[in-house]
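Colleague: One letter stands for each residue in the lines below.
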Amino acid sequence: MSRRGYESSNWTQAVRRRAETFTWDMLLPTEQPIYVRSVVYSFGALTLGALVVVVVSGIVLAANGPFWWQTPGAGVFMRGIHYWGVQAFFFFMILHLTAQFFMGSWRLGRAGTWILGVLSFAVSVVTAFTGYLSRGDFFSQWNQVQSKDAFNGAGIGGWFDVLNNGQIYGLHIAVLPAILIAMVSLHLLLVRRHGVVPPYPAENERLERGPAR
Amino acid sequence: MRRYLTDPAKYPQTRFDLVKEAVISGLVVLVLVVIASVALGVPYVKPLTIQQVATKEPVLFLQTAAHELDDTSAIAQYGPPYNNGTGSLQAIGSFHPQTILGVTTPINPAQVDVLRPLSMAVPLDPALKPALSTWNAASRSQQDTWVNAYLQALPRARVAGGAVQVPRTADGPVPAMLSALRALGSGGLMSGALDRLSPVYRYDVAPSLLFLQGAALHQMAQRYDLLGGEWGIMHDELSYPGPWWLTPYTALYQIPPYSTSPAGDLMAAYTMLIILLLLLAIPFLPGVRELPHKLRIYRLVWRDWYHSVERGPGATTRGAQAEKRRQAT
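Order-wise, the sequence lines are chains Z and D.
Just so it is clear: in the first sequence, position 23 is 23 by our numbering, and no numbers are missing.
Just so it is clear: in the second sequence, position 41 is 41 by our numbering, and no numbers are missing.
Please note: incorrect hints may appear among the correct ones.
With beta-carbon atoms standing in for the labels, derived distance ranges [claimed, not checked]: (1) D:Lys10 <-> Z:Thr23: 31 to 37 angstroms; (2) D:Pro248 <-> Z:Gly65: 31 to 37 angstroms; (3) D:Ala183 <-> Z:Thr71: 40 to 46 angstroms; (4) Z:Val56 <-> D:Tyr240: 19 to 25 angstroms; (5) D:Ser239 <-> Z:Val56: 22 to 28 angstroms; (6) Z:Thr21 <-> D:Ala39: 42 to 48 angstroms; (7) D:Pro167 <-> Z:Ala122: 54 to 60 angstroms; (8) D:Ala74 <-> Z:Thr71: 54 to 60 angstroms; (9) Z:Gln13 <-> D:Ile274: 37 to 43 angstroms; (10) D:Arg296 <-> Z:Val39: 16 to 22 angstroms; (11) D:Phe16 <-> Z:Gly65: 38 to 44 angstroms; (12) D:Ser239 <-> Z:Val60: 22 to 28 angstroms.
Don't read these hints as lab results, they were simulated from the structure.
Predicted, not measured: the structure shown is a model, and the values here were computed from it.
No residue lacks a Cβ here, since even glycine has one placed at the ideal position from N, Cα and C.
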């Protein structure tokens, strides 16, 4: 086998070995540590639930097109599901992010999980904003002309053209959701791989257990 | 010293069904969202069209068109990505990232917004042809003189029965040209004539939106309290919540120097980028990463756990018993 082939084999085998660590028992556990007992642990799952609602309603909207979602009836109702789904998504995501900060969830090798969570939040903001621009009403027009100055001033308006409905709609329904779903999936895999972060040591444990971070 | 426990699997476990939790969470959100959608509806305000402006604000329409024709509009002077002007070029010292990508959407407002639509209208209105020929044959200074005279006379115009009577002045072919343009606008044909950056796909609405972006859109935005000083794009839409998650960003625009600097957008964008980088870096920032431990809010989240562990010897709760077993292993 050539040197090139050998390296390739190593690379693919490394991916395979890594993939094999994700067992069904790890991905869908039947047990959790006993300290996982708080409503706070629901925020992440509720965020994910809202994301599913947003994605599914978005697929229905995209399948039927702008005229449908601006016409009273089923289209406007589905746009309502999408709109309130986004509100719920951000509500639970910000609760989740805030709670994870106060729990120091990056501890003990979980920095990557934190970083992916924050990046998912940032991508979500841009995705939602492109949705506001794609609605096709006065608010879309206003946000387009107002935000063009922000994107132009920041130096990305030459590519991220908020006045180009084709580009913004494509980013909103395909590119950004794909990136977001990939990030959230990786975030979830890391959560399952490392497990839920343990509590900070108790008062009577701290001295004998070492540093908290 | 006992080894510091890092593995959640070494803690006592309880039964857990992730699939059940995911299904319940999804259903809870779905029910909430369906109730909100049925009970509260969804925000929508009809878009502003050039036809509306041409019909209901004819003087504003003519004023906008005259400035486009004379290259004195905000867009004509804007700068990248539309042209090489400097009117809206934002810079902090010599840092002006707006110029990096250059002019990627070239727009000549006089051509795109006025002259090309008029040339397209000639077959519908042959009388327009001499006016356009006169304009095209004139020198640039002559054209400026005509437009300036027209703009000075325009505030004294009389609007009656949909017609605009501009006092006669030395404005050459400008009244005939702009009157024809307004006819195109009030007939609903103008946005179609403007948005032609691509010969087939009309997705790019830059020309029509940039035509509306000045006074026309601002007047309507003011009606809905949407101006920048009123929290701009994150403002509630009618009685509905807007993108409230942009609050930190739009809050910047309420305070100097962001609210006063001509480079406010540039400063706000890079401030948010720095905040994002700081958020990402929290796990590595000494002092910040220990903050949750010092604030002790985590004790509310894990209060049952601490309650059971800290009750000490003789504790009888399930958590304490489990903790004892864990320590024994």
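Colleague: Against which earlier hints does the structure fall short, listed by number upward?
Modeller: Result: hints 1, 3, 8 break, sorted rising.
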